[in-house]
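Peer 1: Join the two chains, each given in its own frame, into one complex according to the hints.
Here's the letter readout for the chains.
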Amino acid sequence: MLTRELLLFRTRDAKLRPSFVKREDPGLLALAGELITSVEAAQGRSRDEVEEALGLQAGAYARPKVARGLVKLLVDRMRFDEPQEGATEARAALFQEAARVRRALPPDARVEEYEARLAEAFSRPLADLRESLYADLPGHRRLLDWDALSPTQLLDRYNLALAQGPLFDARRLTLRARAPELLRVRKVLRWLKFCRLVAEVRREGEDWVLDVEGPGAMLALQKKYGLQLASFLSVVPVLTRWQLTADLETSRRKVTLILDEKDPLVSPHGSALGHIPPEVASLAEGFDDAEWELDLLPLPRNVGATGLCVPDVTFRHRTTRREVALELFHAWHAGPLARRLEELRSRPDEGLLLGVDRALAKGTQEREALEAHPQVVLFHGFPSAKRLRARLSP
Amino acid sequence: MATELHFDCGTLVAPTLPDDGALRGLFQRDARTGVFRTAARHYRDVVLRLRELGVPYEDRARRFEPLEVALTSPVEPFPHQKAALDAWSRAGGRGLVELPTGAGKTLLAVLAIAQVKRPTLVVVPTLDLMTQWQGVLSRHLGQPVGMLGGGVSDRRALTVTTYDSAAMQTEFHGNHFGLLVCDECHHLPAPSYRFIAEGSLAPYRLGLTATLERTDGGERVCEELLGPLVHRTDIRELQGRYLAPYEVRRIEVPLTPSEQTRHDEARARYLAFIRGRGIRFDVPEGWARFLAESQRTDEGRAAHRAYREQRRIALTSSAKLDVLWRVLLEHREDRAIVFTDDNETVYTLARRLFLPALTHHTPVPERKALLASFASGELPVLLTSRVLNEGVDVPEARVGIVLSGSGSVREHVQRLGRILRQRPGKRALLYEVCSAQTAESSISERRRQHRAYQEGEGEAC
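Listed in order, the protein sequences are those of chains P and U.
Be aware that the first sequence starts at 1, since it is given in the UniProt record's numbering, and climbs by one per residue.
Be aware that the second sequence starts at 1, since it is given in the UniProt record's numbering, and climbs by one per residue.
Think of the hints as simulated: they come from the structure by calculation, not from any bench.
Think of the CB as a built atom: it goes at the ideal place given N, C-alpha and C, for glycine as much as any other residue.
There may be inaccurate statements among the hints.
Unchecked claim - To list a few chain P residues with every Cβ distance to chain U over 12 Å, as calculated: (1) A30; (2) R45; (3) D81; (4) V377; (5) L392.
Said to hold, decoys possible - The calculated label-pair distances, taken between Cβ atoms and stated as ranges, are: (6) P/L105 <-> U/F172: 52 to 58 Å; (7) P/R63 <-> U/G278: 22 to 28 Å; (8) P/Q43 <-> U/P424: 20 to 26 Å; (9) P/R203 <-> U/G142: 31 to 37 Å; (10) U/E68 <-> P/V209: 50 to 56 Å; (11) P/F9 <-> U/L291: 15 to 21 Å; (12) U/A91 <-> P/R322: 53 to 59 Å; (13) P/F194 <-> U/L291: 23 to 29 Å.
Here chain U stands alone, though its shape is the one from the complex (with noise of 0.2 Å):
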């Protein structure tokens, strides 16, 4: 009987197998079951061994076939995407490839899939980048493209889909795909995303990232996962040339008398609560600590409110938004993102100056629509928390202003990384504004320990 090979659940499973070391090797005996088990990445290793040894073999596991697709009309990439493209090639169609943001790995992706023609998941971080990635992949490959995520359910030989969707629904349709893509490909070691990649046979894989690197070391399993990496090019190499230039304006901007003494009072009373019960931010359960305390007392509720009430002054002062409306009103003709921590101060501004938001409340739809308006110019405006954070294209965008954000150097890169894609002519611009003598500016001075910021640094007004 020849060996058959079955998908189940993010596994592969043969009931029979040759007497084969290097096969066996690869299986663990299933003793629940009586069959021969592994994890359905290694799919691959699997037939490519089955074909050495020249047995006969059933592929019941696989879902795909070779797909008929092709670039709608031609692309000349860029040298970077180039070189890019052949190192995976020349590695099997497997690895991991390091590019700025704007240096295009959408387009590099574009070219893997059609190189490979198979089915293609493109797994990515949030709901705005599945949307603009169905977009650029319907437009290049001529083909309908499927989304999973966000309330849409519709799987086609092309999907894209977010990690969150992916690490649930990886055991039913971990079979249907021959090229696997994770984008931003950094939150792959998380342990609930592992599974997407563990589970999927795709013989083919692409990761893509800005910043491969993590503190905990997980770069190693993206490379365990997707490949090794294969290409990598520096943001300084393609500064000018293909990504805009650039320049940082930090403004530093004071409360009023009557805001300086709230923030004042409510900041001393949220710090005598944390300081006498001997709660630290710097230890890893100090924050849950905060919550759980001050939820017990009345004093404990009344600090949790004076955390609250300090930091949103320090968020929404009337000096940030006389400095976001001059800023705006001085880049009428550009297009301008806004940058903030939280969806409140979001939707505030939103509701104060009339300007379009997009958080993850957003819907799928009217998240396209406002993209679109965005770049046709009829909204040069959006304002934002953190999910045009990463990847999302918005290559028209000149100005991002960050009116608040979180500490993270990762996270300041990626918004800076929003207003670099290269036009014509474009010199792009990235103001950030924090208030003075507040918390705002140690967190300020926290994330921008980065080379892009203190090499694109201008003059502070």
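Next up, chain P with everything else stripped away, as it sits in the complex (with noise of 0.2 Å):
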């Protein structure tokens, strides 16, 4: 992230823009490869000399604040050393010698004469001591690694965190997503869950709409959130076509935040969407009749009083439109199983099926609760489309 001294934007009719960079620009680009190969220089310098030296590489540059911005974003993936062990030690002793020589001196001794006496007690030069008393401090770990990234990649991490730092002023975003790929949108929702906001989502035709928020906005405690927002920006560049707008409140003024997928904007969260397992594909198949359709994108649904559930599927019958969602639970859900029950007790939700792997049951007494509830279907690998189908008939 950057800080606030380090955001480029400009305002216009209550807008703001970011100043985002061009990722192709030649200039920024080998700006961008030398502090990187100075990064990749520097291993074993002290954090200070390190910082030092970016500074005056991005000093020389033409838009300084840019460059700066950078350096913030290589800094941030450094890894220094830890204080060797004892440090502490060696320097209480160091001070508790010099308090004692202090004591013993004259009332009217010079500093000079103070300095001798030091000489004297210690065995290392003054020089030497007085150079290695603070060697642990923050700014004189040498560093060890850092995570590396293309000039490309930085200047991508530029572009995200100059659009990531204006909400942290922002109380709620609104995204909508024009007709997403599934697995796109999947991967948007859950870190929506990830991030521990609320959302109201609903669709519109082929898109879907995000109004995202924290928990406590709705009562003014939007401070809070701002972080949590910013993170979830950094996911929606996975969608192919989006707009995101973002109020934002300073103290001086209301302006409007907004993004959308012409704007460089990359998601450092990879490419990797997840698969449709073949299991949902055949169930899909097998409800592909006349009562029932199937729908792979279904609304996440508010569960108890505080969760979010993002359904593997929901069920859709063609005449009467009745929806049932359908959330699935493998050997490895037993803490999110017992979760979503007990959620299921404060805030009863006819509209959801759990299908619970047998796994999840191995005691007597668990299965014939399982059993017995009226929302859970068990099954063994996968839920049979008979199995599904039984139980959805009123």
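Peer 2: See the structure below:
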């Protein structure tokens, strides 16, 4: 992330636009490459030295604020060594000896006399002692390694950080995903949950619209959630076509941040989107009939007092339009299953079925309880279309 | 079905509510999730109302129970401490107490914890205060005390944390404490810190400060979040009886001719730059503008270097070093704290004179060891920048030496407070050393605009 003074943006007609850099700008790519080369060559040097050297390189660039932003992102990826064991104890012993020498001085002693007596008391020269006295300060620690990236990736991170910065002052944001692919929107929804945000999610034709806020945003507890909203933004570029707006409230003015897929934003969360398991595809085929249709892009559901569930599929009756969502719990989902059952107790949701792997019902008591639960379908491997169809029929 | 209360990221949530106007007035319907939601701080009012209505409810929000805690040995509070505790109790265990530095605010909190017997979160501004509170609480209450902050993550029934850590973590632990104590609570109104009190369920709240009044009227936020001002004792009521008598000595030192020349040249260079560009430091963006413009040209970079140079000369002149050395030798039998404005000066002096330094870089265990050695007299001098300004209890300190500082009256009064803890026969001395004919002189005049300074003023040497 970039600190406030490193953010660059323009405001016109109450609209805020981050001053994105061109990711193919040869000058910037060259600078990014030089900075990265400097970092790689700086291994073993102290933090102060590394930061000073990078700072000088940044200062010489035509747009020093952009360069300082790149430096900040690089420094955030560096790992420095830990202080040597015993440094604190050695320092304490040295200070104690110096205090003893000071106490023994005559009342009119000069600093030079103090230094002379210290030189007698210590086995090492005072200059050496001074040099090493605070070698363990953060600025003196040595660069061990860093999370490497390419010049283009550095510019991508910079652009993303420019867009994330203003969101620290945001209370909410609205994201419209235009006709998204199934796996892309699922990745966004999972990230939403991971960021502990609350969203009103609706489908408008082929589009998905997410109004994303912090849980306490409606109570004006908005400041807390800026960081979470900024984290959420990092996944948005996995969508192919999208638009995001956020209302920003600073002490002096109200402005709106508007971003879309034409902006040079790249998600750092990789291109892996997961996949649709063949069992789910097969299930969809099993329900491809006149009575029910299967929706592989179901809306998230709020469960219990505070939970959010992203169902695996939703069954929709073609005639009545009645909907039943199915959430699957596999053998490694014992904790989430217990939580979901508890949430259903506190806030019943008849439109949700839980598919539970029998491996989660090892004890007789657990099995009986799950078998008796009106919203649970037990399965081995994967629930069959036949069992589900039986449960869906009233 | 009984009403259920849940805690969710600093908010209090109820899936359903009884049909009661007062209760529903406390909550908002959250259309996003279909539940009722309110700030966690309303928990006490909600529970009291549910009890009043006599309706069944299930409390799944609270993650604390009454705590078996008592004083390890009897404590006889000072009259002003007893008056404050009584007033706070009468206010239902909520409210603010304003007491001068050194008047025993920490002990007042210990008494409050022993009285309400609830898991307690104490929020403090600095890591040093965190370790200090940990020591005092464990000594008086005989319980292990956890810490959150400074690289330590150890939550216990009694926990001390910093404002920064609490602001980040209230959404996770805001339902684990029944009593919230905000030390130096004048920090709480900052926008990023308010959530600490807003997002906490704690039905009991205590705000402690020596200087509640803020120029922005933030004290009203403290009252809203922690309760009304229930007690206040002025420094003059305690002076000489519960706080040590004190004397302030101001020493103006000249620069050497060579220092003065270099200082004046550097100052002229940077002043020419800011005047030439119409930069003014008396407007909010002045400093940021100077920083930005000084990075754009060689002339600007030279002006920035000149600014730092003239400042460095004024802060660490050889005459200042001489005065510091003389004062330290004169007070060899006393404990002395040396205050400077920045870490660079602290470490320069530490290396020059082999004196221990305490800054925000000092790791927590070393901070504890340094303060213990200072208390025992093993290390009778501590160099610091700003980390000891507030709250840290160094009762043995008799001498304060301000080598440099900001123009803030609050900072200066807090520094004075470090040496006012009473000890039999103690008379505190605050030296203020500033370079003559530099910007320091006017900064010094600004920060002395407080009655505490004017009343304790002694002869200048």
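Peer 1: Is P/D81 truly not at the interface, in the sense that its beta carbon sits beyond 12 Å from all beta carbons of chain U?
Peer 2: holds (15 Å)
Peer 1: CB of U/A91 to CB of P/R322, is that within 53 to 59 Å?
Peer 2: holds (55 Å)
Peer 1: Quick one: work out the minimum CB distance from P/A30 to chain U and report holds if it exceeds 12 Å, violated otherwise.
Peer 2: holds (20 Å)
Peer 1: Looking only at beta-carbon atoms, does the pair U/E68, P/V209 fall within the given range of 50 to 56 Å?
Peer 2: Cβ of U/E68 to Cβ of P/V209: about 52 Å, so the range 50 to 56 Å holds.
Peer 1: Using the Cβ atoms, figure out if P/R203 sits within 31 to 37 Å of U/G142.
Peer 2: violated (59 Å)
Peer 1: Looking only at beta-carbon atoms, does the pair P/F194, U/L291 fall within the given range of 23 to 29 Å?
Peer 2: violated (37 Å)
Peer 1: Say whether it holds or is violated: P/R45 keeps its Cβ farther than 12 Å from all Cβ of chain U.
Peer 2: For P/R45, whose nearest Cβ neighbour in chain U is about 19 Å away, the distance exceeds 12 Å, so it holds.
Peer 1: Holds or violated: 52 to 58 Å for the Cβ distance of P/L105 and U/F172?
Peer 2: holds (54 Å)
Peer 1: Has the hinted range 22 to 28 Å been met by the Cβ atoms of P/R63 and U/G278?
Peer 2: Given about 23 Å between the Cβ atoms, the range holds.
Peer 1: Taking 12 Å as the cut and beta carbons as the points, is P/V377 off the interface with chain U?
Peer 2: holds (25 Å)
Peer 1: Verify this label for me: P/L392 is non-interface relative to chain U, using a Cβ-Cβ cutoff of 12 Å.
Peer 2: For P/L392, whose nearest Cβ neighbour in chain U is about 24 Å away, the distance exceeds 12 Å, so it holds.
Peer 1: Quick one: are P/F9 and U/L291 within 15 to 21 Å, going by C-beta?
Peer 2: At 18 Å between Cβs, range holds.
Consistency with the previously given hints fails for numbers 8, 9 and 13, ordered from lowest to highest.
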